[in-house]
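Chains as they are written, first to last, in our numbering: chain A, 1 to 224; chain B, 1 to 415.
Watch out, some of these pointers could steer you wrong.
As the list claims (entries may be wrong) - With a straight-line Cα cutoff of 35 Å, these simulated DSBU-like cross-link-like pairs (lysine-lysine) come out:
1. Lys238/B - Lys143/A
2. Lys176/B - Lys238/B
3. Lys238/B - Lys62/B
4. Lys189/A - Lys9/B
5. Lys144/B - Lys238/B
6. Lys238/B - Lys109/B
7. Lys176/B - Lys62/B
8. Lys9/B - Lys142/B
9. Lys9/B - Lys119/A
These are computed hints drawn from the structure, not numbers from a lab.
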Amino acid sequence: MANDILISGRNLRRHYRRGSETVKALDGVDVDVRAGESVCVLGPSGSGKTTLVNLLSALDAPTAGELTIGGRRVDGLSERELVGVRRGLLGYVFQQFHLIPTLTVAENVALPLLFLGRKAEPAEIARVLAAVGLADRAGHLPKELSGGQMQRVAIGRALAVRPRVLIADEPTGNLDSHTGEAIFDLFQKTVREDGVALVLTTHNLALAARCDRTLTLADGRIVA
Amino acid sequence: MTYSALAWKNLVRRPVRTALTAGGVALAVAVAVSLGGFNLGYRQAIAGSIEQLGFQVMVMAKGCPYEAATMMLKGGTGLLYLPEEAHAQIRTDPDIEAITPIFIGIAEKQNYSLDGSPAASAFTILSGVDLDSFRAMKPWLKLKTGAGYDGGRWFAPDSTNEVVMGYEAAEYEQRKVGDVFYVSVVPNGKVDPELHAFTVVGVLERTGAQDDGTVFLPLRAAQTAFGRENELTIIGIKLKEFNGIRMREFEGRWLKIPEVQVVSLEQVKGALVSLVGTAQTMVAAVAVIAVLVAVIGVVNSVLTSVHERTGEIGVLKAVGAGRGQIFRLVWLETLLTSLAGAVPGSLLAAGGARLTDAALRHLLNIGVTQPLVRITPGLLGAAILGAVVLGLLAGIWPAGRAAGLRPVEAIRSGE
Ligand SMILES: Nc1ncnc2c1ncn2[C@@H]1O[C@H](COP(=O)(O)OP(=O)(O)OP(=O)(O)O)[C@@H](O)[C@H]1O
Ligand SMILES: [Mg+2]
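Model the full assembly from the supplied sequences, consistent with the hints where possible.
Following this line, the structure appears as structure tokens:
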């Protein structure tokens with residue numbers, strides 16, 4: 001399974017129109033993500049990291065280039081069609097956690113199952129919460145948690161659908177280095193134990209060094 | 001976790017906004033239900049009250065027919081009289097099945113409190129009737145029985161001091177069989193009132209009509225008391241065959257008596273219905289405005305909530321929610337808001353029906369005794385259904401907007 005390519009991008013471009021000028025956020029990027037590997041995307045601010053992971057997670061569509069996710073060609077698909085691609089296959093973790101404030105920890109974790117039309121088995125939710133180290137917080141609201149705990153909930157939410165790829169945009173960016181380290185450990189554990197692929201962006205070179213591979217972006221191109 | 005639970009949690013997140021929006025819906029539903037109840041009730045009330053008169057045609061002194069009609073239902077003031085010979089003439093008409101002469105007068109009640117000092121006085125309707133023909137016209141009239149009412153009977157046709165009281169009149173005056181009922185009457189052409197002490201010989205059961213508030217006595221006794229020996233107030237007539245043609249023929253035959261007019265109760269009904277129709281249009285306008293305002297309120301509230309949650313909706317999409325699912329979620333919020341207003345609004349209207357009835361009665365003053373506002377379970381169901389349908393319509397726009405958000409942009413704008 002090690003060489004099973006889950007995501008494959010060729011010559012990916014993502015251009016934004018800003019008034020009369022065109023911002024080339026991504027300008028010809030080739031990338032492959034295989035099952036069970038961790039890929040770290042590095043690069044200075046504005047280099048296109050977020051733009052790239054948004055494409056890889058089917059949250060956004062490329063302006064040009066070929067993109068295959070889970071065996072499906074994605075370039076040229078509408079938002080309506082992209083939903084079907086990301087559902088169940090991809091789990092997304094944000095820098096700002098983005099938990100639903102009115103829902104408890106367990107409910108946040110179970111939320112993606114609702115949209116998949118799957119029943120949230122309590123045992124399954126408990127398993128996910130245990131995996132992210134929040135077994136004793138199931139009934140808490142996000143506002144009652146620390147930043148690190150919130151990110152654990154977000155990871156649990158991403159894992160609840162048992163995705164094949166976990167995508168995280170600066171997941172430790174809002175956490176202190178110690179907490180960030182712990183979150184990164186959690187990511188590594190899921191890669192090891194569940195065989196999911198991990199794509200994450202970071203400014204933290206120490207964390208990047210612990211990934212299987214790194215990609216470095218500058219001005220929308222891969223430079224290393 | 002269900003969509004409804006998710007929608008509900010979003011609504012209670014902003015309790016004041018949700019409550020105000022639902023309150024607007026409740027108000028609109030309450031107005032609409034009251035209007036609907038009025039619509040259901042008033043025709044029936046008018047028809048019922050007219051039915052209870054027992055006759056289809058009446059002959060009365062010339063005057064405003066509207067006034068005449070409402071007077072008949074209300075027993076109001078401004079009574080006009082016609083000569084009694086008219087009765088003798090008209091009763092020979094071949095098309096008549098039944099006919100009864102009626103004399104109505106207004107008397108002042110003389111109430112004495114327990115210590116014998118005069119207490120509040122008010123007016124009462126005295127109705128002089130020809131017993132046999134009157135009872136034939138209203139076969140449903142029954143004398144009350146039971147403690148205090150046993151031995152009740154109709155007055156003797158030639159008595160001068162016996163009365164039978166309608167249900168409410170007796171209740172109000174606290175009179176039972178055998179009691180004395182004092183009234184004073186100013187006879188026609190005199191200045192000073194004359195006191196009469198009537199013996200209550202019977203009390204009628206409730207009819208739900210004007211008769212409940214009336215005090216009955218023999219026709220002759222009433223005419224004598226009011227000093228109008230050969231006069232009548234109305235002549236009630238039932239035709240053998242009642243339709244427009246027969247009615248016009250009958251009217252044509254008796255227009256020759258100069259002092260009288262022939263009024264069909266169908267006409268009266270039509271006049272009252274159209275009178276009420278005007279008020280109804282007014283209430284309908286208010287209802288339409290209230291409903292519009294409520295719909296706008298719901299749209300506005302849900303749009304605002306969607307706008308506030310743009311980022312959150314982006315996140316829901318990022319974790320797998322499709323267009324249809326976001327639409328469904330926001331639509332459910334609109335639906336729940338509408339229901340949260342519609343149910344209390346309906347209950348409010350049902351609970352306040354008597355108040356609405358009283359207000360309309362005050363506004364219209366048509367002298368109909370039966371309830372003008374009838375709120376049925378079907379009406380409440382229809383109102384709630386209507387609110388749900390309107391709520392769903394109101395939800396289409398905000399839900400469509402939410403559903404159409406692109407996740408990346410939504411999340412960015414929410415940050
Ligand atoms: N929606 C947008 N409209 C216009 N320009 C955009 C948009 N999103 C990103 N950009 C531009 O695209 C370029 C790449 O942005 P991106 O967010 O991918 O950078 P990044 O590497 O994630 O930066 P950071 O490390 O600060 O998060 C930037 O120049 C940014 O201004
Ligand atoms: Mg970024």
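Hints, one by one, checked against the model:
1. Only pairs whose Cα atoms come within 35 Å are accepted, and Lys238/B paired with Lys143/A is rejected, the gap being roughly 81 Å.
2. At most 35 Å may separate the alpha-carbon atoms for a hinted pair to count; Lys176/B and Lys238/B meet this at roughly 33 Å.
3. Proximity of Lys238/B to Lys62/B is assessed by CA-CA distance (about 20 Å); at most 35 Å being required, the pair is judged to hold.
4. Between Lys189/A and Lys9/B, the direct Cα distance comes to roughly 34 Å. Compliance with the 35 Å bound is thereby established for this hinted pair.
5. With a C-alpha separation of about 27 Å, the suggested pair Lys144/B and Lys238/B falls inside the 35 Å cut-off, and the hint holds.
6. For the proposed pair Lys238/B and Lys109/B, the alpha carbon gap of about 33 Å is at most 35 Å, so the pair holds.
7. The straight-line distance between the Cα atoms of Lys176/B and Lys62/B is roughly 38 Å, outside the 35 Å bound, and the hint therefore fails.
8. Taken as a hint, the Lys9/B and Lys142/B pair is broken in the structure, with Cα atoms around 61 Å apart against an allowance of 35 Å.
9. Restraint check for Lys9/B and Lys119/A: the C-alpha separation of about 20 Å stays at or below 35 Å, so the hint holds.
Consistency with the previously given hints fails for numbers 1, 7 and 8, ordered from lowest to highest.
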